[in-house]
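Listed in order, the protein sequences are those of chains A and B. The first sequence begins at 3 in our numbering and counts up one residue at a time. The second sequence begins at 539 in our numbering and counts up one residue at a time.
Do not rely on the hints blindly, as some may be mistaken.
Said to hold, decoys possible - Partial pick of chain B residues on the chain A-facing surface, computed with a CB cut under 7 Å:
| no. | residue |
| --- | --- |
| 1 | Lys-552 |
| 2 | Thr-560 |
| 3 | Asn-619 |
| 4 | Gly-624 |
| 5 | Pro-629 |
| 6 | Val-630 |
Hints are computed from structural coordinates only; laboratory data are not their basis. Everything numeric in this text was worked out from a predicted model, so none of it was measured. A virtual CB, placed ideally from N, CA and C, is assigned to each residue, including glycine.
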Amino acid sequence: MAEPLLLEARGLTRSYGAVRALRGVDLTLTPGEVLLILGPNGAGKSTLLRTLAGLLRPQAGTVAVLGRTLAGDDPDARRPIGLLSHQSLLYDELSLLENLVLVARLYDVPEPSKRAHDVLAAQGLSERAGDRPRQLSRGMLQRAAIARALLHQPALLLLDEPFTGLDAAAGDRLRKLLATLHDSSRAMVIVTHHAGEAWEFATRIGILVGGRWAWQGPRPDDIGAFHLIYQEVVRG
Amino acid sequence: MGRAIRLVLVLAAKDLRVEFRTRTSLLSAAVFAALVLIVFNFARDPTAVATIDLAPSVLWVTVAFASVVAMNRAFTTERENAAFDGLLLAPVSREVLYLGKYLASLVFVLLVEAIALPLFVLFFNVDLGPALPGLLITMLLATAGFVAVGTVFSAMVVKTRFAELMLPVLLLPFMVPPLIYAVRISTPLFQGRPLSEVLAGLRFLALYDVAFITLSVLLFSAVVDE
Numbered sequence: 003m004a005e006p007l008l009l010e011a012r013g014l015t016r017s018y019g020a021v022r023a024l025r026g027v028d029l030t031l032t033p034g035e036v037l038l039i040l041g042p043n044g045a046g047k048s049t050l051l052r053t054l055a056g057l058l059r060p061q062a063g064t065v066a067v068l069g070r071t072l073a074g075d076d077p078d079a080r081r082p083i084g085l086l087s088h089q090s091l092l093y094d095e096l097s098l099l100e101n102l103v104l105v106a107r108l109y110d111v112p113e114p115s116k117r118a119h120d121v122l123a124a125q126g127l128s129e130r131a132g133d134r135p136r137q138l139s140r141g142m143l144q145r146a147a148i149a150r151a152l153l154h155q156p157a158l159l160l161l162d163e164p165f166t167g168l169d170a171a172a173g174d175r176l177r178k179l180l181a182t183l184h185d186s187s188r189a190m191v192i193v194t195h196h197a198g199e200a201w202e203f204a205t206r207i208g209i210l211v212g213g214r215w216a217w218q219g220p221r222p223d224d225i226g227a228f229h230l231i232y233q234e235v236v237r238g
Numbered sequence: 539m540g541r542a543i544r545l546v547l548v549l550a551a552k553d554l555r556v557e558f559r560t561r562t563s564l565l566s567a568a569v570f571a572a573l574v575l576i577v578f579n580f581a582r583d584p585t586a587v588a589t590i591d592l593a594p595s596v597l598w599v600t601v602a603f604a605s606v607v608a609m610n611r612a613f614t615t616e617r618e619n620a621a622f623d624g625l626l627l628a629p630v631s632r633e634v635l636y637l638g639k640y641l642a643s644l645v646f647v648l649l650v651e652a653i654a655l656p657l658f659v660l661f662f663n664v665d666l667g668p669a670l671p672g673l674l675i676t677m678l679l680a681t682a683g684f685v686a687v688g689t690v691f692s693a694m695v696v697k698t699r700f701a702e703l704m705l706p707v708l709l710l711p712f713m714v715p716p717l718i719y720a721v722r723i724s725t726p727l728f729q730g731r732p733l734s735e736v737l738a739g740l741r742f743l744a745l746y747d748v749a750f751i752t753l754s755v756l757l758f759s760a761v762v763d764e
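Chain B extracted, bound-state conformation (with noise of 0.2 Å):
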């Protein structure tokens, strides 16, 4: 088990490594959330809906399309020099690769919506102040389930001819239930509701992150090995 868990570290270590030394995908993703913010910043009427209302709804468009292109990074890197075919041969389980994988991407894409909220704040002029704890938790618990997914289809349509597309087109459906639930749990708290109000929600992320995150363990040797 001590073993397992430093190999996920070693694994998630190295991917980070090596994503900030490029920063490529990290600045794509935080630009495509700038912008996104920008557009609808923009697009709306403030008198048509209440900035309130549309907030939500705002804040987790923005992260799910910036964590699709952040996740598209995932094994992207592993294509060159055909390095992950050294992570195969290595005496390491396909379960503790996924999870070195999946560690990484998380933290990535985190880091992403740690440079979007604040974005979110300035275009939106919204207090988050007594929201904030509760919108950390469903941020992280959302994010945990469809990071989940999402690495295990990166590792699926990196040989693809069309990796970049087919991930947004695999993973969205995938995204729905807890973005529709993320949506839901954020709208009462941005409207200055106690956590309490929002347990069931919250109840329903944890299920889909224990639910796919040990599916796609399972699924991940299916995947990667030809």
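Chain A on its own, in the form it takes in the complex (with noise of 0.2 Å):
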């Protein structure tokens, strides 16, 4: 029996004016499942991404996330979604545990403000939940971020460059951390410049170029051979 489909993009199609940033690409993943996606400036990567949030409406093609299609007129669609963005999606003038506290009444988390502080302990920033975002350092703010995104615990979950800016420890923490999300209920999909950020929990691997699927398969065992495969395909 097919396992069910956690994701299924059909034909998503998406341009800027003359520009067209998304050329027909499908995309299914099943539970479980971790896609890391590749690919040159301007590939489309992050256009995809936003696209597989829900934040941007293809003009031609569908998503749907655990069988529900998003569209604007089914908010429950984008439930099972968490986004890691380039930008922390928090409000500079809340603390901490008030933009948590806001992001789990909005997803009715049952008790709002002991989730937000379980999820701000497990990110080591407990002592922090009364600071406003701007009070934390790059790698604090990436974790909360991390924070926002899980606290709904998404099935789904989608990381656009979650390494950039970091540092070499938060960058080991980070990756510690996705090890530990990676499990059968949930899919991730991690658009990144460097395979290498996330090779080690990575199931699948695909390098968009042009707006389209240049290559796609299961992670080769070789990193090394990955990245002659890369530089062939970036290549043309």
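With the hints as a guide, bring both chains together as one complex.
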């Protein structure tokens, strides 16, 4: 019996004026899969991730999460999605705790305050719960953004260059966290410029060039061999 | 329905909390209202036009411009850290999102008016006593309508480069009908006429509110979804 699809995207097309950012991209993910998306600048990686999150409406094609099509008139279709984007999505005028309680209320999480405290503790930010986002270092802000993304225990986690701007220690910490999040109930899509950053827990790799898949497949055993594939594919 | 109302209140409370933390927009709008009233007070010639004839226009011009200043803030806080993406991502309908933003803006603009009204009484020495209930109803109805339109336009222009300039350009034409009626209602009220004489005007304002709140709720999704 085929595994149920957690994410199903068909024929995603999106243009910005004359620039065609996505050209009929298909993508399916089953629970437990971790897809690493690589590609040169302007390949359409972030556009694809924002479209999968429902933040961008495709000009053609559809996205369905757990069988429900993402559209403005079905807000519950967005419930299983967690997004870690380039920015923290946190309000600078609210404390970390207030930000997370707000998110918990929007997602109908039981006991919002307790859950907010729990995710802050899991990220080692309990003592900074009363601080505003702008008072945090880049690494701490990234952890707060992760806490926000994980608060409602999403089944589909979308991460847009999650290692950008982190020092080595913060990067290691994030890698360990992602490894713990990798389980049979959740799928992850990670957009990155460096395959090595999330290599160990990736199950599939996709290379996006010019808004379409240039290469897709299971993660090769050898990262060195993959680098050769990448260079060949990107050079065309 | 219960969930929708709860979320509208959660979103409005968030906006008001953010605003009261900074107080920049509230202070700007209040100072702006005070400045307009001061300028009008010194520019007018009481021997040429009676205060009672001029007062309604001055009040509503002050309210209109202070409201535009206040409404500019509706979506600017959402730009920081792409916080609005977080709201769009949440399992909350666009209608609820709009109503939450609308409610916060309405409370905010009414607060600015609550500051402007005593200043108006102070500068123009107008006895509002008998006119006050009617005037408060007029302010509520007129404000409810143009804030509905202003909330949509504020969402529309926030990503443009000249958002602060674009909002008044788009919004002021839509503010003209309720403002004209507000002045036409306020004038007889200031002259001590009973509320029953201005019921037609109040009905127009109520109709404007129903029409534009409905339209705004329907249009909001098209404005915020990229």
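Status of each hint after checking the structure:
For the restraint placing Lys-552(B) at the interface with chain A, the shortest Cβ-Cβ distance is roughly 6 Å, inside the 7 Å limit, so the hint holds. Taking 7 Å as the C-beta contact cut-off toward chain A, the hint placing Thr-560(B) at the interface holds, the least distance being around 6 Å. With 7 Å as the threshold, the beta carbon of Asn-619(B) comes within range of chain A, its nearest partner Cβ sitting at about 5 Å, so the hint holds. At its closest, the beta carbon of Gly-624(B) sits 4 Å from a beta carbon of chain A; the interface hint therefore holds under the 7 Å criterion.
Here the hint on Pro-629(B) is kept, as its CB sits about 4 Å from the closest CB of chain A, short of 7 Å. Proximity of Val-630(B) to chain A holds as hinted, the smallest CB-CB distance being about 6 Å (cut-off 7 Å).
This entry satisfies every hint, going by the numbered hints stated previously.
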